[in-house]
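Asks: Could you build all of it, start to finish, from the sequences and the hints given here?
Read top to bottom, the protein sequences are chains A and B. Going letter by letter, the first sequence gives residues 44 to 414 in our numbering. Going letter by letter, the second sequence gives residues 44 to 414 in our numbering.
Any given hint could turn out to be false.
[Stated by the list, open to error] Derived Cβ-Cβ restraints for the label pairs, each shown as a range:
# : chain 1 : residue 1 : chain 2 : residue 2 : range
1 : A       : P355      : B       : D108      : 47 to 57 angstroms
2 : A       : K307      : B       : L177      : 50 to 60 angstroms
3 : B       : P394      : A       : E278      : 44 to 54 angstroms
4 : A       : R112      : B       : R243      : 49 to 59 angstroms
5 : A       : E368      : B       : E239      : 29 to 39 angstroms
6 : A       : R339      : B       : D151      : 52 to 62 angstroms
[Unchecked claim] Partner residues are not named here, just some residues of chain A that face chain B (Cβ under 7 angstroms, in silico):
# : residue
7 : V175
8 : L224
9 : N245
Rather than coming from a laboratory, the hints here were simulated on the basis of the structure. Small disclaimer: the values here were computed from a predicted structure and weren't measured. Backbone N, C-alpha and C define an ideal beta-carbon position, used for all residues, glycine too.
There are 2 protein chains.
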Amino acid sequence: MNTAASPPLTVEVPPEPPDLHGLPNGVDLLTRLEGISADRGLDSLAKRLADLAVFVGGDLAALEDQIARLPRYPHAVGRGATHLLDLGGKRLRPTCVVLAARLGAGFDARALDLAVAVELVHTATLLHDDVVDLSETRRGVATARATYGNAVSIFAGDWVLIEALRRVGRCGMPGLLDDLLATIEEMIFAESLQLENRGRINTDRDAYFRVIEGKTAALFRWAMRAGGMAGGLGEAECRALQSYGIHLGIAFQAIDDLLDFAGKTSFTGKELFADLREGKMTYPVILALERDPDLRPVLEQVVTAPGNHALPEQAAARVIASLRETRALDDCLELARERSARAVAELSCLPPGRAAWALATVAEAIVDRDL
Amino acid sequence: MNTAASPPLTVEVPPEPPDLHGLPNGVDLLTRLEGISADRGLDSLAKRLADLAVFVGGDLAALEDQIARLPRYPHAVGRGATHLLDLGGKRLRPTCVVLAARLGAGFDARALDLAVAVELVHTATLLHDDVVDLSETRRGVATARATYGNAVSIFAGDWVLIEALRRVGRCGMPGLLDDLLATIEEMIFAESLQLENRGRINTDRDAYFRVIEGKTAALFRWAMRAGGMAGGLGEAECRALQSYGIHLGIAFQAIDDLLDFAGKTSFTGKELFADLREGKMTYPVILALERDPDLRPVLEQVVTAPGNHALPEQAAARVIASLRETRALDDCLELARERSARAVAELSCLPPGRAAWALATVAEAIVDRDL
Chain A
44 MNTAASPPLT VEVPPEPPDL HGLPNGVDLL TRLEGISADR GLDSLAKRLA DLAVFVGGDL
104 AALEDQIARL PRYPHAVGRG ATHLLDLGGK RLRPTCVVLA ARLGAGFDAR ALDLAVAVEL
164 VHTATLLHDD VVDLSETRRG VATARATYGN AVSIFAGDWV LIEALRRVGR CGMPGLLDDL
224 LATIEEMIFA ESLQLENRGR INTDRDAYFR VIEGKTAALF RWAMRAGGMA GGLGEAECRA
284 LQSYGIHLGI AFQAIDDLLD FAGKTSFTGK ELFADLREGK MTYPVILALE RDPDLRPVLE
344 QVVTAPGNHA LPEQAAARVI ASLRETRALD DCLELARERS ARAVAELSCL PPGRAAWALA
404 TVAEAIVDRD L
Chain B
44 MNTAASPPLT VEVPPEPPDL HGLPNGVDLL TRLEGISADR GLDSLAKRLA DLAVFVGGDL
104 AALEDQIARL PRYPHAVGRG ATHLLDLGGK RLRPTCVVLA ARLGAGFDAR ALDLAVAVEL
164 VHTATLLHDD VVDLSETRRG VATARATYGN AVSIFAGDWV LIEALRRVGR CGMPGLLDDL
224 LATIEEMIFA ESLQLENRGR INTDRDAYFR VIEGKTAALF RWAMRAGGMA GGLGEAECRA
284 LQSYGIHLGI AFQAIDDLLD FAGKTSFTGK ELFADLREGK MTYPVILALE RDPDLRPVLE
344 QVVTAPGNHA LPEQAAARVI ASLRETRALD DCLELARERS ARAVAELSCL PPGRAAWALA
404 TVAEAIVDRD L
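Replies: What follows is the structure, encoded as structure tokens:
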């Protein structure tokens, strides 16, 4: 664990990133994280990421191949569905399936189906979320809804979900499809809670955690269970993997929250302040408001600014200053570190070896990502 | 069959319908159809509908009970999901499950689960369609999207679908869940085709039939198969039931097309000319345009009129006149009759008895409905 080191929240990188059409896929992500770790002097983590890239490289290439072979329907909904998938992405949820399977008997055709399925479920939620949030860009390019319209994005999300469920169904693993349906239900209900709280400037930590556990962590949990079951692991081991998934998901989301203020748009593919402008209370904002109540009217100004207008500059500067001065950004990073550590701790009762080592690497690297 | 009789397209009814809060549920629908048949002098059909109401009354009451017992989540998405279900509806798809099951071993708890599921799938599509079509009213009251917003209607549709799939999954009938997923895929692709053709004034019958087979008939087909399997019927019998479902669905849609021009809003819960204003080429419009090419600019005027403005009256009157003079409405009714007859013909290779008789009654009565 690198909790002792305190790297800056944004990493110095060349102003022009290397030839990124959309975001890199899974293996490229690992290479990129490796570079970041090396830049930060985390040589041991960089070395482990290089090892991870070799370990899962073939599996992630098989995943990309499967995604490329998805049915290509020429109609609007077909194009909308593959629009987002073809832009790549971090492929972090499929990586969870791969590593959990490799912790057991290995990554076979069935595990590959599940890895594709989890990426499809994630994609389906993005296609619907983009309509709900009226998002213009994702992964650095126009969203499906901006390109093909809201209707296409809704139906494309529906189709991608059906395609995912079909794959999980054909794996025939007892309880796994039911568990995915329950997971998707959790995701939907978390979205509902987020919708209801939208635009409410408050410091409700409980609501925050309920939202991110449902919206983000639940699918990581399912990915770990799916991989574990595909690898033939037992109930106790799958339970540990699921706990790993929940902690990893929360750590991942905490970093996402940070990147809303400290990310580089060219890497994340998202505008800064996007969450806040959509009226979403993220963890650093909750902390800053708790410690600096005068921030409230400024937050209100940002949240109520028309979506198609430039961010009110002075207000944005005031938010950033508060996030720094109250140490809200640092404590959000600390939350990610703590959950990352808890994820790693869950691995102690699992079979040791290269896969467990790789899962620990993922949990640590996720804290240092800038995309 | 009542193909010899030629009842008027709209039925004389009292100006104020009897205490309808939303639309009546399944059994009420049968009672209402019975009244229509009696009014039209179709005494034999009226008598058979009365018998049908007795035959399926208990099963449809069990369905309503299950729908009333669906989880009632207090959040926005939960309210949006049950908003539409609680308004009742024709429950025609569940009636298909009931009768197909009764053709076999009977309507048991598993068949009930499937009957609820098919109504949920139908509801999920309506929740998404209403967002796509920006619909303000359905079943005579404000849509979920008009009441709770587009976001809630999208997520509510997602949840209702998940709840449906969960029920079909727990029935554990081989291939049935996969068949439902394939059916939903067909429905989505038909929506895609309809979206692409939207606003295009053309006489493409082939596209029309592809849209309605996917959008409407496919789910009737699945309902018949689901009921047949739950009743323990064999493959050949299920195939005949599926063909019945397809023909019934097309007949149902043809009457829906008619009701866009000839329906009574207080019964259908839909505004007149709604399909045409949404740029959807329905069967009577296709026929009228084939026979009266001068209708084109008039149709264009209706289609391009702003959705929130009153229907251009002169254009509407011209469309109605053309639909009558070209006999487009009559031929659309004839399409419904022909498909109804083909549905009934499919029953010949099925076990005779009260259930087969009831299925024939449904196919005939569907042609005479006014809601």
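Asks: State for each hint whether it applies.
Replies: Status of the hints after comparison with the structure:
1. A:P355 - B:D108: 47 to 57 angstroms: Holds - the Cβ-Cβ distance for P355 (chain A) and D108 (chain B), about 54 angstroms, lies within 47 to 57 angstroms.
2. A:K307 - B:L177: 50 to 60 angstroms: violated, 38 angstroms
3. B:P394 - A:E278: 44 to 54 angstroms: The hint (44 to 54 angstroms, Cβ to Cβ) holds, given that P394 (chain B) and E278 (chain A) are roughly 46 angstroms apart.
4. A:R112 - B:R243: 49 to 59 angstroms: At 33 angstroms between Cβs, range violated.
5. A:E368 - B:E239: 29 to 39 angstroms: Between E368 (chain A) and E239 (chain B), where Cβ atoms are some 54 angstroms apart, the hint is violated.
6. A:R339 - B:D151: 52 to 62 angstroms: For R339 (chain A) and D151 (chain B) the Cβ distance comes to about 59 angstroms; the hint holds.
7. V175: holds, 4 angstroms
8. L224: With a closest approach of 5 angstroms, the L224 (chain A) hint holds.
9. N245: Hint violated; N245 (chain A) Cβ to chain B Cβ min 17 angstroms, cut 7 angstroms.
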